[in-house]
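Novice: Chain residues, written in single-letter form:
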Amino acid sequence: VIRPFGEAALLVDTGDADRAQALAADLATRPMAAILGTVPGLRSLLVELDPAARSAGDVASELEWRLASLGSPAPVGRERRIRVLYGGEWGPDLADVASLTGLTEARVVELHASAPLRVLFDGFAPGFAYLGDLPDALHVPRLATPRTSTPAGSVAMAGAMSGIYPAALPGGWRVIGRTPIALFDPRREPPAYLAPGDVVSFEPMEAGDWERLTRIPDDW
Amino acid sequence: VTVEILEPGPLTSVQEPFGRQGWRHLGVPAGGAADSWSARLANRLAGNPDGAALLEVTLGGLALTTDAPTWMAATGGLAARSGGIHLPATEAWRLRPGAVLRLDPGDGARGYLAVRGGFQVEAVLGSASTDLRTGFGGLDGRRLQAGDRLEPGASTGTPARWTGRRPTGPLRIVPGPHADGFEELLAEWTVGPEADRAGVRLDGPGIVGGEVPSMGLPLGAIQVPPDGRPIVMLADRPVTGGYRVPACVIRADIGPVAQLRTGDTVRFASVSVEEARQALLVAEHALADLEPMEEETDGDLGWAGSHG
Numbered sequence: 001v002i003r004p005f006g007e008a009a010l011l012v013d014t015g016d017a018d019r020a021q022a023l024a025a026d027l028a029t030r031p032m033a034a035i036l037g038t039v040p041g042l043r044s045l046l047v048e049l050d051p052a053a054r055s056a057g058d059v060a061s062e063l064e065w066r067l068a069s070l071g072s073p074a075p076v077g078r079e080r081r082i083r084v085l086y087g088g089e090w091g092p093d094l095a096d097v098a099s100l101t102g103l104t105e106a107r108v109v110e111l112h113a114s115a116p117l118r119v120l121f122d123g124f125a126p127g128f129a130y131l132g133d134l135p136d137a138l139h140v141p142r143l144a145t146p147r148t149s150t151p152a153g154s155v156a157m158a159g160a161m162s163g164i165y166p167a168a169l170p171g172g173w174r175v176i177g178r179t180p181i182a183l184f185d186p187r188r189e190p191p192a193y194l195a196p197g198d199v200v201s202f203e204p205m206e207a208g209d210w211e212r213l214t215r216i217p218d219d220w
Numbered sequence: 001v002t003v004e005i006l007e008p009g010p011l012t013s014v015q016e017p018f019g020r021q022g023w024r025h026l027g028v029p030a031g032g033a034a035d036s037w038s039a040r041l042a043n044r045l046a047g048n049p050d051g052a053a054l055l056e057v058t059l060g061g062l063a064l065t066t067d068a069p070t071w072m073a074a075t076g077g078l079a080a081r082s083g084g085i086h087l088p089a090t091e092a093w094r095l096r097p098g099a100v101l102r103l104d105p106g107d108g109a110r111g112y113l114a115v116r117g118g119f120q121v122e123a124v125l126g127s128a129s130t131d132l133r134t135g136f137g138g139l140d141g142r143r144l145q146a147g148d149r150l151e152p153g154a155s156t157g158t159p160a161r162w163t164g165r166r167p168t169g170p171l172r173i174v175p176g177p178h179a180d181g182f183e184e185l186l187a188e189w190t191v192g193p194e195a196d197r198a199g200v201r202l203d204g205p206g207i208v209g210g211e212v213p214s215m216g217l218p219l220g221a222i223q224v225p226p227d228g229r230p231i232v233m234l235a236d237r238p239v240t241g242g243y244r245v246p247a248c249v250i251r252a253d254i255g256p257v258a259q260l261r262t263g264d265t266v267r268f269a270s271v272s273v274e275e276a277r278q279a280l281l282v283a284e285h286a287l288a289d290l291e292p293m294e295e296e297t298d299g300d301l302g303w304a305g306s307h308g
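Top line first, the protein sequences correspond to chains H and Z. Residue 183 in this note's numbering is what sits at position 183 of the first sequence, and the numbering runs on without skipping anything. Residue 37 in this note's numbering is what sits at position 37 of the second sequence, and the numbering runs on without skipping anything.
Keep in mind the hints are simulated off the structure, nothing from the lab. On a predicted model such as this, the values are computed, not experimentally measured, just so you know. Glycine residues also receive a C-beta, built at the ideal position from the N, C-alpha and C atoms. Please note that a few of the clues may not be correct.
[Said to hold, decoys possible] Each pair of labels, with its calculated beta carbon distance range:
1) Z:164 <-> H:159: 47 to 53 Å
2) H:36 <-> Z:140: 26 to 32 Å
3) H:89 <-> Z:278: 55 to 61 Å
4) H:190 <-> Z:140: 19 to 25 Å
5) Z:281 <-> H:116: 48 to 54 Å
6) Z:281 <-> H:58: 33 to 39 Å
7) Z:211 <-> H:207: 32 to 38 Å
8) Z:90 <-> H:81: 56 to 62 Å
9) H:96 <-> Z:282: 49 to 55 Å
10) H:187 <-> Z:145: 19 to 25 Å
Take these sequences, add in the hints, and give me the full structure.
Specialist: Encoded structure:
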């Protein structure tokens, strides 16, 4: 399904994040006339176009064809291990997540750190990666009232997804820990540590190790 | 030549009219001037390429000075003056060394100050625009402060006078991906206190809102969260959003949205996609109504701030 999104964009329903990424990659490799840019989402690809160059209907037909010929893509990503200091002042919502899920705090941490998560797409802020899917037992709603500022490095969760705040930002996800590493540095190439397709595993760490970890991971 | 900020006002930052392109897949917003049309006009008046770096000044309160005669232009919703003289928004003028230029409140939220040659600011991720939320680009990734100094680059063009007209009227909208709520938008709305470079929140009758799977957001998308208060998304909007979008403000009317201030009332009007395209062409053509100014003018004409 392809829907108009204003006068100069289309929203392509891709069904899932992988196909959105695959279609974006396909359009980057084999550019299509009149397409100015794309933004992959959780189940869609935003396609921005120049309506003066070509009708949106025309672009939509060609996109349908591209989408149908994509096959079943599985993005290739890197393995990323991220150390997390869970709970306490670093993860002020860990206790609430435990009571919402009926699990102990230790079990929440164990589950969060056990299942490798995939970067489905980047959005919200520079370097913010949407990681999914969390085990069903960990799904919790967002905070009723979002925080006006969440510290940089905060490891948070909401629904089926987890994420790490790359900078101090407002946010409504539940914060269960914090990592000392940087997620975004506009002067590095690439500027974001996590990119779509990467497989992320979290690893609990001790407060005493905080200073010993470098801000920029060796494998950036 | 050095331009020194004496007073920055509530929010002044370095921006480029077209913002930062090519990094949205890593979550980096386009940013850039909120009223890109007015910013481009300021650059054209100052004899610059459209994309040159300039200052975006919010709600007035800016005061600056230079140490050498400098061609400048100020456009948008603020009023420029120097030494009690009102400076036109339709042509470039030269600021005398030591004279103080002020951008005072006018009929909109944002003013654009261009210097001939553009401000020399290092590009980060391909743009000099300041990303204020994450803190990079522009001048150390932050808003300007008193004492900041900026330098214009080498000039490439001739200062100009604008003879065009910018059409005004209701904000025109076309459908977004979520149909419900479009008709309800065609009411009168009041701009709420949350109006910034990311978006403008509107208070009014309230319409059907809600969460949807996160998707890319184009400029002008009108997001409606569960509270039913629409937000028109601007330059610093997040790359993706998770709320329903019943409509989008057309490209030609993004500038007027960026000029809205808290308490202003707005009305939306529905147009066809073809009308939206035509409106953008009209806006582009209006930008081109320029005539070159005499550069060597040395009398009173074209000079500002004769009394400092």
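Novice: Does each hint hold? Answer for all of them.
Specialist: Results for each hint:
1. Z:164 <-> H:159: 47 to 53 Å: Hint holds: Cβ distance 50 Å, inside 47 to 53 Å.
2. H:36 <-> Z:140: 26 to 32 Å: 31 Å, holds
3. H:89 <-> Z:278: 55 to 61 Å: Between residue 89 (chain H) and residue 278 (chain Z), where Cβ atoms are some 57 Å apart, the hint holds.
4. H:190 <-> Z:140: 19 to 25 Å: 22 Å, holds
5. Z:281 <-> H:116: 48 to 54 Å: The hinted range 48 to 54 Å holds for residue 281 (chain Z) and residue 116 (chain H), with Cβ atoms some 51 Å apart.
6. Z:281 <-> H:58: 33 to 39 Å: Hint violated: Cβ distance 19 Å, outside 33 to 39 Å.
7. Z:211 <-> H:207: 32 to 38 Å: 36 Å, holds
8. Z:90 <-> H:81: 56 to 62 Å: 59 Å, holds
9. H:96 <-> Z:282: 49 to 55 Å: 54 Å, holds
10. H:187 <-> Z:145: 19 to 25 Å: Roughly 22 Å apart at Cβ, these two residues keep to the hinted range, so it holds.
Checked against the numbered hints given earlier, this structure breaks only hint 6.
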